[in-house]
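S.K.: The listed protein sequences derive, respectively, from chains Z and S.
Numbers in this note's numbering are just positions in the first sequence, counted from 1, shifted up by 1452.
Numbers in this note's numbering are just positions in the second sequence, counted from 1, shifted up by 1.
No wet-lab data here; the hints were simulated from the structure.
This structure is a prediction, so every number in the text was calculated from the model and none was measured.
Heads up, the beta-carbon is just placed ideally off N, CA and C, and yes, glycines get one too.
Certain hints may be false.
Unchecked claim - Rough simulated footprint, nothing fancy, chain Z against chain S, three-plus residues with beta-carbon under 8 Å:
1. 61 to 70
2. 73 to 87
Claimed, not checked - Across the chosen pairs, the derived CB separations fall in these ranges:
3. 1466(Z) - 91(S): 41 to 47 Å
4. 1553(Z) - 102(S): 22 to 28 Å
5. 1596(Z) - 103(S): 47 to 53 Å
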Amino acid sequence: MENLTLLNQISFWLFAIMMIGGALGVVFHKSIVYSALLLLVTFLSIAGLFVLLNAPFIAAAQILVYGVGLTIVLIFGIMLTGDKPFVDPVGQERPKRYWLIPGVIAFAFMGFLLWSLLSPNYNFTAVNGLFLERVQPSIAETLPGVQAIIADGGVTHIGLLLFSKYLLPFELASVLLLLAMIGAIILSKRQFPEEEAEGEPHVSQDLDGGAMEGKSCCSLNEGNGNLASENFDSEKETLGVH
Amino acid sequence: MFNIGLYHYIALTTILFSIGLYGVLSSRNAIRLLMCIELMLNAVNINLVAFNNYVNMNDLSGQIFSIFILTVSAAEASVGLAILIALYRRRSTADMERFNLLKW
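Let the hints inform the model, and build the full structure from the sequences given.
M.R.: This is how it looks when you write it as structure tokens:
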């Protein structure tokens, strides 16, 4: 038990330092590709923190969705939007104290939150009156969530909750994913110019019609070439091909 | 002091969220801005799971919420990148300062 606590502490600080370092690198590194890879470091450290927080399923989902999917999509975006991907495509010319206002806002935000965290009358007992860190292990193991985690990492419990208590948000999330997929396809589709978009189906139609026309003229009115060509010309005119 | 508790996680996610906030406010590259939004969402995710673990272990609702945030952020990133690529076709840049058509 003593060793486990020590391991817990060491892992927490290790993952915390990796996470903060990676996040700082995401914001401050000059090369945007390195930023994306440092974002991957941050995501993997967060997955480690999830394991420490008794959420192995969320850790796996974090690695799958963020670590694999999102990082690759972001690198695709970098490659598609930069001429020289290893340099920040934006360039370096910026106003002199551009960091001042965002820095003040972010620092004030962080200071306010940390100060409110450290203020002594901050009271969590309204939530459920229960801090697991202060609860005896024998009592903690009777809780349903802890039992689910011990049994199979909480997968069964999460699945049951998703399909009973949180069924409507689950379905809404599926609709949202479908909409996001359709929206992404429509938004990133290459826009053809007006003439090309209208001309292309006509050409193919004309080719098909010409082939059909040739066949029918050969089989039906073999000797009457003039009429067939006239028909073909009029067909061409109605199709609008010159 | 050295026992890892809820406060450690809250402080950590506060720092992470603030880094993401600074990045969103200060970065001019649109892709870096998307990355910083992901950092902020991840900070919220850690907070949800930490509160679930330390405060209320009667069920795993916090983990469910973090799954929903995961879903929404994946959708947000894909649509955001699609918008960015459409913008890049128009403007051939990823600079946030150049997307100023609505600025008077």
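S.K.: Now, for every hint given, state plainly whether the structure supports it.
M.R.: Cross-check of the supplied hints:
no.: 1; hint: 61 to 70; verdict: holds (count 7)
no.: 2; hint: 73 to 87; verdict: holds (count 14)
no.: 3; hint: 1466(Z) - 91(S): 41 to 47 Å; verdict: holds (45 Å)
no.: 4; hint: 1553(Z) - 102(S): 22 to 28 Å; verdict: holds (23 Å)
no.: 5; hint: 1596(Z) - 103(S): 47 to 53 Å; verdict: holds (51 Å)
When the structure is compared with the earlier hints, no violation turns up for any of them.
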